[in-house]
Amino acid sequence: MKRNGIILVLCLSVTACSQQPVIDAAMMRFEGAMPADFGGSWERNYALDDDVNAVLREAYYRISQTSADQRYSVRPGTAIASSKDMSSVLALARLAEMITRPDVLTISQNAYEISVARKDDFAMTCAFYDGVAKGIDSVYGTEICGWDGEQLVSNLILPDGLQVTHRFTISADGEQLRVVTTVSSSTSRIPFTLRRFYTRFDRPTSFFNCIETLSMKRVCSTGEIEP
Amino acid sequence: MSAFVAPRRSLLVLQALILLTALSQQRVADARDLDALDVSIAVFDPGVPADASVHRDLQVFPRIREIEARLLPFVLRDTLGKANAWGAVRVVPEPDIAAELLVSGTIIRSDGESLELEIRAVDASGRVWLDKTFAGPHGSRQLYDDIAQDLLITRDGLDDKFLADIAEISLLRYANQLAPSAFGDYLNTAADGTFTVQRLPANNDPMLDRIERIRGTEYVITDTVDERFQQLHGEIASIYDLWREYRAKVIKYQIQDARRAQSTRSDAPRGSYEALLILYENYKSDRIIAQEQDRLAVAFNNEVGPKVDAMELRVAELEGWVDQKYAEWHRLLEELFEAETTFGQ
Numbered sequence: 001m002k003r004n005g006i007i008l009v010l011c012l013s014v015t016a017c018s019q020q021p022v023i024d025a026a027m028m029r030f031e032g033a034m035p036a037d038f039g040g041s042w043e044r045n046y047a048l049d050d051d052v053n054a055v056l057r058e059a060y061y062r063i064s065q066t067s068a069d070q071r072y073s074v075r076p077g078t079a080i081a082s083s084k085d086m087s088s089v090l091a092l093a094r095l096a097e098m099i100t101r102p103d104v105l106t107i108s109q110n111a112y113e114i115s116v117a118r119k120d121d122f123a124m125t126c127a128f129y130d131g132v133a134k135g136i137d138s139v140y141g142t143e144i145c146g147w148d149g150e151q152l153v154s155n156l157i158l159p160d161g162l163q164v165t166h167r168f169t170i171s172a173d174g175e176q177l178r179v180v181t182t183v184s185s186s187t188s189r190i191p192f193t194l195r196r197f198y199t200r201f202d203r204p205t206s207f208f209n210c211i212e213t214l215s216m217k218r219v220c221s222t223g224e225i226e227p
Numbered sequence: 001m002s003a004f005v006a007p008r009r010s011l012l013v014l015q016a017l018i019l020l021t022a023l024s025q026q027r028v029a030d031a032r033d034l035d036a037l038d039v040s041i042a043v044f045d046p047g048v049p050a051d052a053s054v055h056r057d058l059q060v061f062p063r064i065r066e067i068e069a070r071l072l073p074f075v076l077r078d079t080l081g082k083a084n085a086w087g088a089v090r091v092v093p094e095p096d097i098a099a100e101l102l103v104s105g106t107i108i109r110s111d112g113e114s115l116e117l118e119i120r121a122v123d124a125s126g127r128v129w130l131d132k133t134f135a136g137p138h139g140s141r142q143l144y145d146d147i148a149q150d151l152l153i154t155r156d157g158l159d160d161k162f163l164a165d166i167a168e169i170s171l172l173r174y175a176n177q178l179a180p181s182a183f184g185d186y187l188n189t190a191a192d193g194t195f196t197v198q199r200l201p202a203n204n205d206p207m208l209d210r211i212e213r214i215r216g217t218e219y220v221i222t223d224t225v226d227e228r229f230q231q232l233h234g235e236i237a238s239i240y241d242l243w244r245e246y247r248a249k250v251i252k253y254q255i256q257d258a259r260r261a262q263s264t265r266s267d268a269p270r271g272s273y274e275a276l277l278i279l280y281e282n283y284k285s286d287r288i289i290a291q292e293q294d295r296l297a298v299a300f301n302n303e304v305g306p307k308v309d310a311m312e313l314r315v316a317e318l319e320g321w322v323d324q325k326y327a328e329w330h331r332l333l334e335e336l337f338e339a340e341t342t343f344g345q
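So the sequence lines, in the order shown, correspond to chains Y and V. If you read the first sequence in this note's numbering, its first letter stands for residue 1, the second for the next number, and so on. If you read the second sequence in this note's numbering, its first letter stands for residue 1, the second for the next number, and so on.
Simulated from the structure, these hints should not be mistaken for lab results. Among these hints, one or two may not hold up.
The calculated DMTMM-like cross-link candidates involving lysine to aspartate or glutamate, where the alpha carbons are at most 20 Å apart (straight line), are [said to hold, decoys possible]:
id, chain 1, residue 1, chain 2, residue 2
1, Y, Lys119, V, Glu94
2, V, Lys284, Y, Glu97
3, V, Lys284, Y, Asp148
Here are the in silico distance ranges between beta carbons for each label pair [stated by the list, open to error]:
id, chain 1, residue 1, chain 2, residue 2, range
4, V, Leu313, Y, Arg195, 45 to 55 Å
5, Y, Asp49, V, Glu274, 24 to 34 Å
6, V, Gly139, Y, Phe30, 38 to 48 Å
7, Y, Arg195, V, Gly234, 49 to 59 Å
Computed from a predicted model, the values in this text were never measured in an experiment. The beta-carbon is built from N, C-alpha and C at its ideal position, and this holds for glycine as well.
Let the sequences and hints guide you as you build the complete structure.
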């Protein structure tokens with residue numbers, strides 16, 4: 001908690017905080033098995049989630065505490081955020097809310113890859129070859145993952161200084177999942193962070209065994225299907 | 001006395017039969033069209049980089065490349081077969097260095113739209129006929145026609161003596177592999193690795209006769225393996241065509257998506273939600289297309305994989321049988337040569 005506080009102070013004091021690398025070289029490698037297993041189906045626990053409006057109000061307050069623009073001051077000695085700062089952080093909040101909207105995550109994990117499937121979005125992918133993270137590069141952005149202890153950190157770097165970072169933490173009993181999503185941009189003085197919580201659930205076992213094929217699409221059988 | 005004469009008569013009959021067979025084989029050899037060299041096409045090298053971490057970037061699907069490496073030689077085989085300019089054209093699981101003409105290939109690029117193959121053809125004498133990269137639209141026969149054309153041009157540039165030597169060298173190299181004691185000094189090897197005939201065995205050399213019969217047996221097995229490949233080709237060709245179509249569509253989508261991304265660079269103010277959303281959506285769309293392609297690759301493998309595995313198992317059994325027999329033939333021939341050359345000494 002204290003560490004988070006220090007980071008927050010540092011972020012507020014450095015304008016280009018959002019441009020700092022989220023995943024350093026040490027985080028990009030691990031030895032042996034992956035530090036944590038996130039595999040399974042997860043459904044959203046809305047009761048524990050952050051309230052977007054509350055987090056946004058907090059963000060406005062933080063901006064106001066550091067704002068150099070005193071024009072919008074409502075009372076002597078108190079600064080409030082400029083409209084530009086407010087709209088910048090509001091944009092980040094809206095994007096964070098949109099990205100974290102899926103109510104179910106399906107995570108598949110093997111020895112070298114973790115894939116987080118989300119409805120109406122691309123599957124977030126973390127690939128590690130020989131324990132070294134391998135990013136995904138495209139003309140539109142770069143996706144890279146790393147481990148911070150037992151936390152899986154995914155960082156998506158997009159043009160114009162836009163970054164989306166997800167930090168996955170699993171509870172000790174393996175039944176709860178916390179995903180902390182931070183959206184930052186070079187256009188906003190502060191990043192915006194939302195926490196989402198998920199509970200593990202077992203998908204009902206189907207009477208049918210199905211596989212995808214190319215010529216017949218999905219093929220199902222009540223017996224065994226050899227892939 | 002009579003007990004001695006009877007076996008001797010039957011031995012004479014047997015020798016006569018062998019002589020007749022040898023003579024008929026000689027006639028077949030004499031009548032053989034020198035231009036019509038036998039061609040062995042080895043299963044291609046899939047061209048999959050060893051570093052698995054680059055496969056995604058290079059759009060290489062290793063399992064599908066392995067399947068392509070087995071399928072594509074058949075298209076070349078059909079092309080050479082239809083040209084009616086060659087002897088037997090076979091697809092072989094492993095490169096046969098004693099083949100009269102060995103064609104090997106590496107898949108450099110294979111997506112739904114284009115195909116790039118590195119083709120090397122070497123005759124039994126070690127002369128390189130072709131070492132070239134061929135590229136063309138995937139699914140078009142032109143690329144294979146070009147390879148066939150280049151092979152024909154090279155062959156037409158060689159004289160009859162050279163072509164006859166290739167056939168001789170091929171047989172002698174095969175013989176040398178099986179019975180090095182008997183056939184170790186018929187060929188000269190130059191510094192550049194090419195072979196020339198130093199001397200020829202006698203026409204009625206019994207060892208050579210045995211070698212030819214063994215080679216005939218091995219060809220029967222090779223043809224069986226070839227049939228298996230052909231059968232596999234027939235079973236999965238239509239599914240493979242579907243895969244190629246899908247890959248071509250993916251490439252089209254990517255191009256369209258790039259255009260869409262270009263055109264949606266809106267006038268939204270920098271840092272606004274609309275501007276941020278466009279940046280995110282561009283990446284999202286690109287990833288969804290790539291992930292759909294991954295899903296199709298899995299679907300292709302789900303459908304084709306079991307067939308390929310079954311074929312590989314059968315081919316491995318046949319190859320295992322050949323390897324076992326080969327070792328046996330090798331031992332027997334060496335023993336026979338020893339017995340025949342030391343008899344009476």
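Hint-by-hint comparison with the structure:
1. For the suggested pair Lys119/Y and Glu94/V, the alpha carbons sit about 47 Å apart, so the restraint of at most 20 Å is broken.
2. Distance check on the hinted pair: Lys284/V and Glu97/Y sit about 16 Å apart at the alpha-carbon level, within 20 Å; holds.
3. Annotation: proposed proximity of Lys284/V to Asp148/Y is violated, straight-line Cα distance about 25 Å (limit 20 Å).
4. About 52 Å separates the C-beta atoms of Leu313/V and Arg195/Y, a value consistent with the hinted range of 45 to 55 Å.
5. Roughly 25 Å separates the CB atoms of Asp49/Y and Glu274/V, a value that falls within the hinted 24 to 34 Å.
6. As the Cβ distance of Gly139/V to Phe30/Y is approximately 44 Å, the hint placing it in 38 to 48 Å holds.
7. A beta carbon spacing of about 57 Å between Arg195/Y and Gly234/V agrees with the range 49 to 59 Å that was offered as a hint.
In the structure shown, a violation is registered for the earlier hints numbered 1 and 3, in ascending order.
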